[in-house]
Amino acid sequence: MFSSQSFKDGVKHAIGVPALGLGSSMFAFGAFLHSAGFDIFQSFLSTFFTFALPGQFVMAETILAGGTLLNIFLAVLLTNSRLYPMTVNITPLIRNSNIPKWKQYLGAHFIAVTSWFNFFSVQKNIKEDEKFNYFVGLGGFLWANSVFCTVAGYLFSNLVPHEILIALVFINPMYFLVMTVSNLEEKKIICSILVGATLSIFLNDVFPGWSVLIAGVLAGTLGFFIFRKENNE
Amino acid sequence: MSSQFIYLSILVASIGTYFCRAFGMFSAKNIKVDSPIFHWIRCVSMAVIAAVIARIVFFPVGILTESTMLVRIVCTLILLVVYFLFKKNVILAVSSSTICFVILNHVL
Numbered sequence: 001m002f003s004s005q006s007f008k009d010g011v012k013h014a015i016g017v018p019a020l021g022l023g024s025s026m027f028a029f030g031a032f033l034h035s036a037g038f039d040i041f042q043s044f045l046s047t048f049f050t051f052a053l054p055g056q057f058v059m060a061e062t063i064l065a066g067g068t069l070l071n072i073f074l075a076v077l078l079t080n081s082r083l084y085p086m087t088v089n090i091t092p093l094i095r096n097s098n099i100p101k102w103k104q105y106l107g108a109h110f111i112a113v114t115s116w117f118n119f120f121s122v123q124k125n126i127k128e129d130e131k132f133n134y135f136v137g138l139g140g141f142l143w144a145n146s147v148f149c150t151v152a153g154y155l156f157s158n159l160v161p162h163e164i165l166i167a168l169v170f171i172n173p174m175y176f177l178v179m180t181v182s183n184l185e186e187k188k189i190i191c192s193i194l195v196g197a198t199l200s201i202f203l204n205d206v207f208p209g210w211s212v213l214i215a216g217v218l219a220g221t222l223g224f225f226i227f228r229k230e231n232n233e
Numbered sequence: 001m002s003s004q005f006i007y008l009s010i011l012v013a014s015i016g017t018y019f020c021r022a023f024g025m026f027s028a029k030n031i032k033v034d035s036p037i038f039h040w041i042r043c044v045s046m047a048v049i050a051a052v053i054a055r056i057v058f059f060p061v062g063i064l065t066e067s068t069m070l071v072r073i074v075c076t077l078i079l080l081v082v083y084f085l086f087k088k089n090v091i092l093a094v095s096s097s098t099i100c101f102v103i104l105n106h107v108l
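Line by line, the protein sequences are chains A and B.
Here my numbering is used: position 105 in the first sequence is 105, and no number is missing along the way.
Here my numbering is used: position 51 in the second sequence is 51, and no number is missing along the way.
Honestly, the hints are just simulated from the structure, not real lab data.
Model, not experiment: these values are computed from the prediction.
No residue lacks a Cβ here, since even glycine has one placed at the ideal position from N, Cα and C.
Check before you lean on any hint, since a few could be wrong.
[To be verified] Simulated coverage check for chain A against chain B, where a stretch passes if three residues somewhere in it have a Cβ under 8 Å from a Cβ of chain B: (1) 74 to 87; (2) 90 to 99; (3) 192 to 202.
With the rest of the complex left out, here is chain A:
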């Protein structure tokens, strides 16, 4: 797998803007964990095993707020629940009957917003049986880079002014947003994005933990059914 050209192409794709966009926020996360009293090995493990920044922040915040393990589990599950529809969406594309199931389930660990968006931006140009290796190259590099940046952020947090660290965290949602608006081509997607963003703001007070999930399902379903004819064109 690692010697295949498609894997290398995936790695090449990840190097540059995608790695920088995610890595900068992971760096800031590492610095945040340092200031919050975590040790370097705990910071390493957090990104190594979780690799989903909003959930990692929620975990750290819930610990600091004195939450129980059940609080942490539920809060992270809800925050990272976005990964569920994203995985359902990407799986039919990267599924490969020649690759053992366990490897495919291991590869699922690399599904995150950055790898997902970047894969979808090029997947039509990749051969069917090379898509999995390409995705593992792309997502795997982003994951390894994120682990490295978290540790670097932990080690060098004293060298970076606090105001810059806050800005580094802000890069991640802004990069997500740029990738999101780059998909504004189909009417059903435009509708889903606009309604999803608006609904989540208004639902936040009513369902604080669930607003993102409820807004996403409602808005996505609405966009899909209103512009259903678009699917058949």
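Position chain B against the provided structure of chain A, taking the given hints into account.
Same frame as chain A, now just chain B:
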């Protein structure tokens, strides 16, 4: 907070996160590319991501709470304007927004 509690927290956070990925993979086993459910789940995924971004901008957690909502909204608008004004240049848009964020967050 004890060191052991942090390790256990990382463990439960990892299980919760990987569950979303593994269950997603399991649920997709009968879904075919270009089927209606594939298109529907793509709409839901995009809407969920948009909802996450909106939530981070309006109701953040972590160190972003040390910035004001006004700064975050203004910098989001700057990002969008620069992105569409300069032929969808990702680097220019993200760096302009970030630089403005640093300046505005310092001033306001």
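> Can you name, in rising order, the numbers of the hints this structure does not satisfy?
Replying inline: none
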